[in-house]
Amino acid sequence: MVSKTMKLNIKINNKFLKSLWESSGMIIIYLGLFIVLSIFVPYFFTVRNMVGLALSVSMVGMVAMTMLFALASGDFDLSVEAIVAFSGVTAAMVINSTGSILFGIIAGIIGGGVIGLLNGIIIAKAKINALITTLAMMQIVHGLAFIVSGGSAVGISDARFFVLGNSRMLGIPNPIWITIIMFIIFGVLLNRTTYGKNTLAIGGNIEAARLAGINVDRIKIIIFTLQGSMAGFAGVVLASRMTSGQPNTSVGFSLDVISACVLGGVSLSGGIAPIAGAIVGVLIMGTIQNAMNLMNIPAFYQYVVRGLILLIAVLIDQLKQRKRN
Amino acid sequence: MLQSFMYIQQEINAFMKPYLEFKSVRKTFPGVVALNDVSFQVAEGSVHGLIGENGAGKSTLLKILSGAYYPTSGEIFIDGKIKDFHNTKDALDAGVAVIYQELNLIPEMTVAENLLLGHMPTKSGFLDRKEMNKIAEGELKFLLENISPDMKIKELSIGQRQMIEIGKALLHNARIIAFDEPTSSLSSREIKQLYKIIKELKDKGHSVIYITHRMEEIFDICDEVTVFRDGEKIETFSDMTAVDHDILVNKMVGRSIEDIYSYRPRTHGEVVLDVKDLMGTGLSEPFSLTVRKGEIVGFFGLVGAGRTEFLKLLYGAEKKVSGTTFINNKEVNILSPSKAIKEGMALCPEDRKDEGIIAVRSVDENISISVRRHFNKFGIFLDRKKETENTNSFIKKLDIKTPSKDQMVGNLSGGNQQKVILARWLGENINVLLMDEPTRGIDVGTKNEIYKLMYNLADEGKGIIFVSSDLPEVLGVADRIIVMREGKFVESVDRDDASQEIILSHALPINN
Ligand SMILES: Nc1ncnc2c1ncn2[C@@H]1O[C@H](COP(=O)(O)OP(=O)(O)OP(=O)(O)O)[C@@H](O)[C@H]1O
Ligand SMILES: [Mg+2]
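Chains as they are written, first to last, in the numbering used here: chain A, 14 to 338; chain B, 3 to 514.
Calculated directly from the structure, the hints in this document are not laboratory data. Wrong hints could be hidden among the right ones.
[As the list claims (entries may be wrong)] Lysine-lysine pairs mimicking DSS-like chemistry, simulated, CA-CA at most 25 Å apart:
| id | chain 1 | residue 1 | chain 2 | residue 2 |
| --- | --- | --- | --- | --- |
| 1 | B | 398 | B | 388 |
| 2 | B | 25 | B | 204 |
| 3 | B | 403 | A | 210 |
| 4 | A | 140 | B | 355 |
| 5 | A | 138 | B | 344 |
| 6 | B | 388 | B | 403 |
| 7 | B | 132 | B | 156 |
| 8 | A | 138 | B | 91 |
| 9 | B | 85 | B | 65 |
| 10 | B | 206 | B | 91 |
| 11 | B | 143 | A | 333 |
| 12 | B | 341 | A | 140 |
| 13 | B | 136 | A | 210 |
| 14 | B | 143 | A | 210 |
| 15 | B | 156 | B | 143 |
| 16 | B | 85 | A | 140 |
| 17 | B | 85 | A | 210 |
| 18 | B | 355 | A | 333 |
| 19 | A | 140 | B | 156 |
| 20 | B | 321 | A | 138 |
| 21 | B | 83 | B | 125 |
| 22 | B | 125 | B | 136 |
| 23 | B | 332 | B | 321 |
| 24 | B | 206 | B | 194 |
| 25 | B | 341 | B | 321 |
| 26 | B | 201 | A | 210 |
| 27 | B | 206 | B | 85 |
| 28 | A | 333 | B | 65 |
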């Protein structure tokens, strides 16, 4: 009798845990991680460190929002890291030569947007797959960043530009505000607009989406153009933080962004893209990195850990897909 | 006399010992009881038909048998021994193979490689191609003439691929072979070949399970039949002479359907669609056609006659070489599906899985995908309330079996997926509806409802073109039948002049 009720209890518990896990598994993992780190890692749970953590993930966070759309449509973009470098350099040079900060910012964003547009056109119209296209574009744009800058960092003379990346509002650095605003904008775009729904439909079944009247090519081009512009903007913010445009910055950034999304439950095969999950994915990545820094774990080991996280993320994606079939 | 006959019949049944047995099998999904307390037996060396409405649980039962799903409760016995399958390999090892509609072959690999995938013969560590081809050839001799083991799977027709799938099962020594709607995309010649093979399997003592929505196939090939309804086993008939079409339909849908087509004549209005000299790569000569308001035009032809190509050209899904289209006397230049929809033309595609549904998204999103543009605020923001209203109204109207509008469409049964695609277009303001094999994989009761839906749309003044390989359906539903052959328009026959013989004589190749 006793064992019977116990069994029943466990069953109910299991069921409850299972549904919780399915709806918000990553959030729970993150909360657990956060609590453990707060208890065991000194200085982790301090205002100063929290702000630092948020600042450190702001770049990945911003670009993850547009990467989310690329992944949702069944593609991805490896060229963002080169765009970040290129647009930072471009913004620096334009500010130095025109004296206008606004022009510099716009040039960085548009520069990234044009590269994204090219990506989109090649992928949508010439039907070349995203891996090859964006890999090639990454090389080209990285090369351009070096050519434009002459191979070294471009210092920016106008200090007003540094406000964008270094000032605070209500005690919180600007890049964090920018990232939060992006979360909101892209959350709305994904869940409340036809653009978001059509993106998911394309990723779910591209031929069905086309036959249902969705202009697939146009959506893909928009996705990559937005992605390029966002990466361009991130590059501008980074240049402002570093007070210079640097052609060799952000190596590995594209994969960080993709890992964060996949970690948050965004499916690599398209069609499934929970935005809350992506945000949590970004936070998990940043938090682990932050904790490793606090614990003085050498950089070499950090690479290994980051690689492992990516593997785990993809593994989880695989398992979920198998379950879906 | 009669009594002794019945006695003999019982003797025969007793002699056929049960090889496979389901005992109180139950399977639930969140919000759905897919199978409830299902028990029945399949005899050795017999073909056992499974029929039932869409969502009755037939495919779920096969998935349990193949180890793809694990039953919530209940047992499976094979040859008297209890079996516990946790994956498809367990089932294969126990001699169970299930052949699904979506075949699991690798298109880029050869016939021999596919047949022997997972246990290719080797010689001192290297692949033994000679041995491999020998084994494959032996298997092919039984299944398919004219196919060499070196051919790539992608060069084969769907019917031939299915044969390779059967070959795979036999090479695994499968004693139980189950088919899920195997004929729904086969040509009539391929169906005959499949029948032949199934009979041979039976004679060799295999047990065959056969799911179909085509009632005549049950009588063609089955020795026993079990009827499902709403996840329950209703009845098993082990004597096919004791049942007829009407009895089975009655058991399946719980009511009798007198005339499945329930055709009603209509008056036709003005020309709604006028196509002049439409030409594309899938056709072998330009094609012209007019359809009037309220008219239902059926397209018949053998597989590969160019019917789907014609619809896709018309719909802008494939590039046209030449031709003009008028809708309601206005010339429309349709270069893409989205343009077609804006001009009031919609297509329900032939291949539901690849071209119709978006499996990982919800019922709601699949239905709203196109129609939501009418509800949008500022051209981009969703009006979720109106979308929900629209979706729920169609779930109700078409009786789509789903626990809620948020269920993933991939989790619905085949027939219900088809209804979702139909619902997608019913909210649009369409003039012309193109339907490619609209009742493929759909149960009798629902077929009847879909025909009625077509008549209602026609009554509202829409023009309907539907493609079907089911000749009785074309004869039963269409006002006019267009026959295609080898990419060409052959003949237009009015309903009153049409008969099986006439239509077939136009559709078959001339040299036959
Ligand atoms: N993976 C799943 N998750 C949730 N529900 C499911 C899943 N698979 C099947 N179902 C539900 O179980 C029920 C039975 O489905 P099943 O596919 O077995 O029907 P069927 O008899 O094969 O129908 P059809 O003739 O349309 O193919 C349906 O209501 C279906 O929606
Ligand atoms: Mg089924």
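Tested hints:
no.	hint	in the structure
1	B:398 - B:388	holds, 15 Å
2	B:25 - B:204	holds, 23 Å
3	B:403 - A:210	holds, 24 Å
4	A:140 - B:355	holds, 22 Å
5	A:138 - B:344	holds, 23 Å
6	B:388 - B:403	holds, 21 Å
7	B:132 - B:156	holds, 22 Å
8	A:138 - B:91	violated, 42 Å
9	B:85 - B:65	holds, 14 Å
10	B:206 - B:91	holds, 23 Å
11	B:143 - A:333	violated, 41 Å
12	B:341 - A:140	holds, 21 Å
13	B:136 - A:210	violated, 52 Å
14	B:143 - A:210	violated, 51 Å
15	B:156 - B:143	holds, 20 Å
16	B:85 - A:140	violated, 49 Å
17	B:85 - A:210	violated, 44 Å
18	B:355 - A:333	holds, 20 Å
19	A:140 - B:156	holds, 22 Å
20	B:321 - A:138	holds, 15 Å
21	B:83 - B:125	violated, 37 Å
22	B:125 - B:136	holds, 14 Å
23	B:332 - B:321	holds, 21 Å
24	B:206 - B:194	holds, 19 Å
25	B:341 - B:321	holds, 13 Å
26	B:201 - A:210	violated, 49 Å
27	B:206 - B:85	holds, 23 Å
28	A:333 - B:65	holds, 19 Å
Of the numbered hints given earlier, the model fails hints 8, 11, 13, 14, 16, 17, 21, 26; all others are met.
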